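The residues making up each chain are set out below.
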Amino acid sequence: MKKYLSFFKIRFLNGLQYRTAAYAGVATQFAWGFMSLLMFSAFYKTKPEAFPMEFSQVSSYIWLQQAFLALYMVWFLETDIFLAISNGNIAYELCRPIDLYNMWYAKNLASRFSKAVLRCLPILLIAFFLPRPYGLSLPENTITLLAFLLSMSLGVLVVIGICMLIYIATFYTLSPMGVRIVAISFIDFFSGAVIPLPFLPDKTRIVLQLLPFASMQDIPFRVYCGHITGLDRVIGILLQLFWLVFLITLGKFFMKKALKKIVVQGG
Amino acid sequence: MRLYLKYLSIHLKSQMQYKTSFLLTLLGQFWSSFAMFLGIYFMFSRFQSVEGYTYSQVLLCFAIVLMAFSLAECLVRGFDTFSVIISNGEFDRIMVRPRNEMFQVLASKVELSRLGRLIQATIILLYALPSSGIVWTFPKILTLILMVFGGIAVFSGLFVVYASLCFFTIEGLEFINIFTDGGREFGRYPFSIYGNNVLKFFTFIVPLALFQYYPFLYLIGKVTNPLYMLTPILCFFFLLPCYFLWRLGVSHYKSTGS
Numbered sequence: 272m273k274k275y276l277s278f279f280k281i282r283f284l285n286g287l288q289y290r291t292a293a294y295a296g297v298a299t300q301f302a303w304g305f306m307s308l309l310m311f312s313a314f315y316k317t318k319p320e321a322f323p324m325e326f327s328q329v330s331s332y333i334w335l336q337q338a339f340l341a342l343y344m345v346w347f348l349e350t351d352i353f354l355a356i357s358n359g360n361i362a363y364e365l366c367r368p369i370d371l372y373n374m375w376y377a378k379n380l381a382s383r384f385s386k387a388v389l390r391c392l393p394i395l396l397i398a399f400f401l402p403r404p405y406g407l408s409l410p411e412n413t414i415t416l417l418a419f420l421l422s423m424s425l426g427v428l429v430v431i432g433i434c435m436l437i438y439i440a441t442f443y444t445l446s447p448m449g450v451r452i453v454a455i456s457f458i459d460f461f462s463g464a465v466i467p468l469p470f471l472p473d474k475t476r477i478v479l480q481l482l483p484f485a486s487m488q489d490i491p492f493r494v495y496c497g498h499i500t501g502l503d504r505v506i507g508i509l510l511q512l513f514w515l516v517f518l519i520t521l522g523k524f525f526m527k528k529a530l531k532k533i534v535v536q537g538g
Numbered sequence: 150m151r152l153y154l155k156y157l158s159i160h161l162k163s164q165m166q167y168k169t170s171f172l173l174t175l176l177g178q179f180w181s182s183f184a185m186f187l188g189i190y191f192m193f194s195r196f197q198s199v200e201g202y203t204y205s206q207v208l209l210c211f212a213i214v215l216m217a218f219s220l221a222e223c224l225v226r227g228f229d230t231f232s233v234i235i236s237n238g239e240f241d242r243i244m245v246r247p248r249n250e251m252f253q254v255l256a257s258k259v260e261l262s263r264l265g266r267l268i269q270a271t272i273i274l275l276y277a278l279p280s281s282g283i284v285w286t287f288p289k290i291l292t293l294i295l296m297v298f299g300g301i302a303v304f305s306g307l308f309v310v311y312a313s314l315c316f317f318t319i320e321g322l323e324f325i326n327i328f329t330d331g332g333r334e335f336g337r338y339p340f341s342i343y344g345n346n347v348l349k350f351f352t353f354i355v356p357l358a359l360f361q362y363y364p365f366l367y368l369i370g371k372v373t374n375p376l377y378m379l380t381p382i383l384c385f386f387f388l389l390p391c392y393f394l395w396r397l398g399v400s401h402y403k404s405t406g407s
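Those sequence lines, one after another, are chains A and B.
The opening residue of the first sequence carries number 272 in the numbering used here; numbering runs sequentially from there.
The opening residue of the second sequence carries number 150 in the numbering used here; numbering runs sequentially from there.
A couple of the hints might just be wrong.
[Claimed, not checked] The calculated DSS-like cross-link candidates involving lysine-lysine, where the alpha carbons are at most 30 Å apart (straight line), are:
| # | chain 1 | residue 1 | chain 2 | residue 2 |
| --- | --- | --- | --- | --- |
| 1 | B | Lys168 | A | Lys527 |
| 2 | A | Lys316 | B | Lys258 |
| 3 | A | Lys318 | B | Lys403 |
| 4 | B | Lys258 | B | Lys349 |
| 5 | A | Lys474 | A | Lys274 |
| 6 | A | Lys316 | B | Lys403 |
| 7 | B | Lys168 | A | Lys531 |
| 8 | B | Lys258 | A | Lys528 |
| 9 | A | Lys528 | A | Lys318 |
| 10 | B | Lys168 | A | Lys532 |
| 11 | B | Lys371 | A | Lys318 |
| 12 | A | Lys532 | A | Lys316 |
Since the hints were derived computationally from the structure, they do not count as laboratory data.
Values in this document were obtained by computation on a predicted structure and should not be read as measured data.
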């Protein structure tokens with residue numbers, strides 16, 4: 272455990288170096304969130320009764336999405352892992368007395384965490400002070416907040432579980448670009464990054480909300496804005512837990528299989 | 150021009166060496182814009198219209214913006230990855246060659262897998278052309294073509310601005326993405342739906358609305374004044390300040406020395 276913790280620490284501190292990039296990111300994400308909200312408000316003005324949730328809930332959803340972009344978007348992948356697989360450096364990693372899956376997992380967690388730490392606060396703060404219904408509203412009570420924090424952590428762990436599968440898939444294809452782009456754009460849509468899942472038609476939505484992709488960001492954000500409460504909330508969190516265990520088991524299984532037949536491409 | 154075609158064929162050949170990768174990237178590009186289309190589709194199956202624009206009208210708008218963007222990205226991709234050229238010292242080599250720097254950067258990279266988006270845009274356009282209920286007279290077809298070319302001009306200009314700023318910052322500035330990727334993403338809907346201030350911004354500062362909103366009004370018959378048809382031509386003037394910024398950047402250039 273200790274060695275994975277130190278991997279986490281190294282990555283985390285390393286990630287904190289890139290401050291200017293983070294500030295530029297904040298500005299971009301703020302503008303992005305703002306434009307998305309204006310778009311939703313245009314739809315809201317056209318037909319308010321068709322809105323699946325309250326407008327202020329949508330605002331919270333969007334701002335959380337922008338603030339925690341680095342935590343939840345699949346495309347923040349570690350390029351050096353892809354490089355290690357395709358240029359053969361993975362051989363060195365395999366020599367170390369550590370579990371590769373756990374190490375990569377810790378690395379991913381750390382770099383996402385450091386990116387998010389730098390980016391989230393300014394966005395959350397500004398969004399919080401925007402006039403209603405465009406701003407980020409506070410969760411209703413402490414229980415909602417606690418449930419959100421739990422669900423949010425589970426969400427991040429699920430995201431990395433999915434990313435691990437993408438890395439492992441590169442063992443088989445060796446060309447990271449293709450798999451990556453296809454996977455990312457699929458997952459983006461299914462996780463609610465293109466439009467929040469509640470906006471989808473009922474049948475599609477019910478199926479999508481059971482898939483692991485909804486466990487990434489959709490469930491935590493809906494917990495926060497009070498769109499799911501009570502029993503639904505508990506079920507949502509249990510669903511996240513289920514997918515987390517499932518993804519990690521699957522990932523470890525395929526990793527083992529891939530490593531057994533791995534061919535290192537020259538030196 | 151002949152030299153450019155030569156470069157183009159080299160790029161084509163080199164990318165065809167990795168066929169599976171090329172195809173998958175193409176597919177990925179296709180799917181990623183398909184997700185944007187699904188976004189529009191599902192929003193409209195819930196709301197039917199937005200501020201008086203119908204589904205097929207918005208699709209038409211989306212297809213035009215996507216088409217302009219993908220063509221621009223395909224052609225001026227060299228500027229998009231310019232921060233690499235600057236930081237690895239490649240630009241020193243470019244400067245000593247007896248050709249225009251801009252041309253060399255332009256030809257340094259042509260990414261054909263970006264055409265995945267173009268295929269998508271074409272399909273949607275083919276669907277939206279008849280179903281939007283527009284009678285396609287000659288002026289309207291001309292407007293459509295002007296819109297696409299105007300769009301290529303604005304997006305290319307933005308890529309050049311992005312590259313020029315690299316002269317001053319070495320790193321690429323993520324902020325410009327709001328106008329390039331954001332322009333593509335939010336240009337799905339006519340800019341007027343974002344409110345008056347946003348529309349003004351995209352008219353006078355970053356002229357995305359000049360090729361997207363105003364001629365679009367003419368296209369769908371909301372206005373009949375033919376002046377609206379010609380607004381995409383104004384987009385080409387946007388290239389002038391972009392070019393000056395580039396010149397300023399080149400004269401300011403200090404090698405990173407690596």
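How the hints compare with the structure:
1. Lys168(B) with Lys527(A): holds, 29 Å
2. Lys316(A) with Lys258(B): violated, 44 Å
3. Lys318(A) with Lys403(B): violated, 55 Å
4. Lys258(B) with Lys349(B): violated, 34 Å
5. Lys474(A) with Lys274(A): violated, 46 Å
6. Lys316(A) with Lys403(B): violated, 52 Å
7. Lys168(B) with Lys531(A): Holds - the C-alpha atoms of Lys531(A) and Lys168(B) are around 27 Å apart, at most 30 Å.
8. Lys258(B) with Lys528(A): Roughly 38 Å separates the two Cα atoms, so the pair is violated.
9. Lys528(A) with Lys318(A): Not satisfied, since the Cα-Cα distance of roughly 52 Å exceeds 30 Å.
10. Lys168(B) with Lys532(A): holds, 24 Å
11. Lys371(B) with Lys318(A): holds, 21 Å
12. Lys532(A) with Lys316(A): violated, 58 Å
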